[in-house]
Amino acid sequence: MPDRLHLLVCENLQREVAAAVEAEGFADVAVSTFPAHCNRPRAAWDALLSIAAGERNGNPTQLICGPCGDVPESYPQAHGRFHVLKVERCCHLFAGRTIVDGLLDEGAYPLIPGWLAHWQDYVDPSAPDPERSRAFRGESATSLVLLDTGVDASSPELLRDLAERADLPFRVIPVGLEYFRLLLTRIVLAWRLERDRDTSAAALADANRRSAGYATVVDLIGGLTRIMTEAEAIEHIFDVFTALFAPASMVYIPLLDGRPGRIRARPAAPPESDATAGPLAGSADD
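Convert by adding 4 to the 1-based position in the sequence shown; the result is the number in this note's numbering.
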């Protein structure tokens with residue numbers, strides 16, 4: 005039974021995910037990353053599946069990504085051991101759609117610390133101003149807004165540098181990790197519930213098998229009360245042991261005054277029956 009949940013996230017989200025996992029004390033959660041694909045071709049679906057298969061060691065995987073993950077539209081959110089949480093923008097993981105979309109409606113361009121730490125990989129500061137502007141929602145961005153999760157103390161300074169290069173006003177909104185921790189907690193608890201449900205189902209199936217076995221034993225032994233002769237009783241005992249254990253052979257040796265009586269066997273008495281009688285007779289006191 006899987007005992008760990010494997011989180012696969014973009015490298016730009018790694019610090020927030022690691023901080024949230026540590027803060028919540030999720031000892032049964034492991035985290036790995038795939039390369040960021042901001043402003044580049046999206047991360048190929050086959051590549052994401054390959055990374056997940058190599059990292060999870062048989063455990064279920066939860067992919068958390070933004071638009072950079074090339075997840076097929078037909079792929080369900082939960083399928084087998086690979087679950088997907090894809091958001092329209094990475095910012096939605098930390099501030100929710102209402103806040104982020106409100107900023108976009110104002111013409112602001114919301115940023116997260118992970119993206120900001122590598123902004124020079126996504127924006128060419130030497131390019132002409134119109135080209136720089138296209139990196140921020142086409143040419144409609146009127147300001148930059150950092151949704152500060154608190155994982156990188158250098159984020160405000162990086163934002164100031166980027167704003168100067170892009171010639172745009174900027175501001176910082178401290179959002180912390182509370183929203184994201186709730187989101188991650190919901191994912192982990194859903195996985196634990198599924199794991200515990202599977203464990204309970206297996207335990208119930210085992211209990212039902214045992215109960216059926218006990219019922220068989222009671223039924224078989226109960227038949228002894230309807231038997232009138234010793235020979236019939238012996239044959240019925242053979243039937244009980246056959247039903248319970250399916251032995252290759254059985255030998256029945258009664259002891260009369262400490263000495264072995266007539267040997268019966270199923271199938272017909274094997275050669276070792278006589279040899280078995282001696283040790284059994286010697287252990288009569290036990």
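Quick caveat, the hints were computed from the structure, so don't treat them as lab data. Treat the hints with caution; some may be incorrect.
Taking CB as the label site, the calculated pair distances span [claimed, not checked]:
| # | residue 1 | residue 2 | range |
| --- | --- | --- | --- |
| 1 | L197 | V176 | 56 to 64 Å |
| 2 | A48 | F249 | 53 to 61 Å |
| 3 | G217 | F242 | 13 to 21 Å |
Ideal Cβ positions, reconstructed from N, Cα and C, are used throughout, including at glycine.
Quiz item: Does the Cβ pair G217, F242 satisfy 13 to 21 Å?
Solution: 18 Å, holds
Practice problem: With 56 to 64 Å as the target window, see if L197 and V176 comply at their CB atoms. | Solution: Since the Cβ atoms of L197 and V176 sit about 37 Å apart, the hinted range of 56 to 64 Å is violated.
Quiz item: Do A48 and F249 keep their Cβ atoms within the hinted range of 53 to 61 Å?
Solution: Holds, since A48 and F249 (Cβ atoms, about 55 Å apart) stay within the stated range.
Violated hint for the displayed structure: number 1, the only one.
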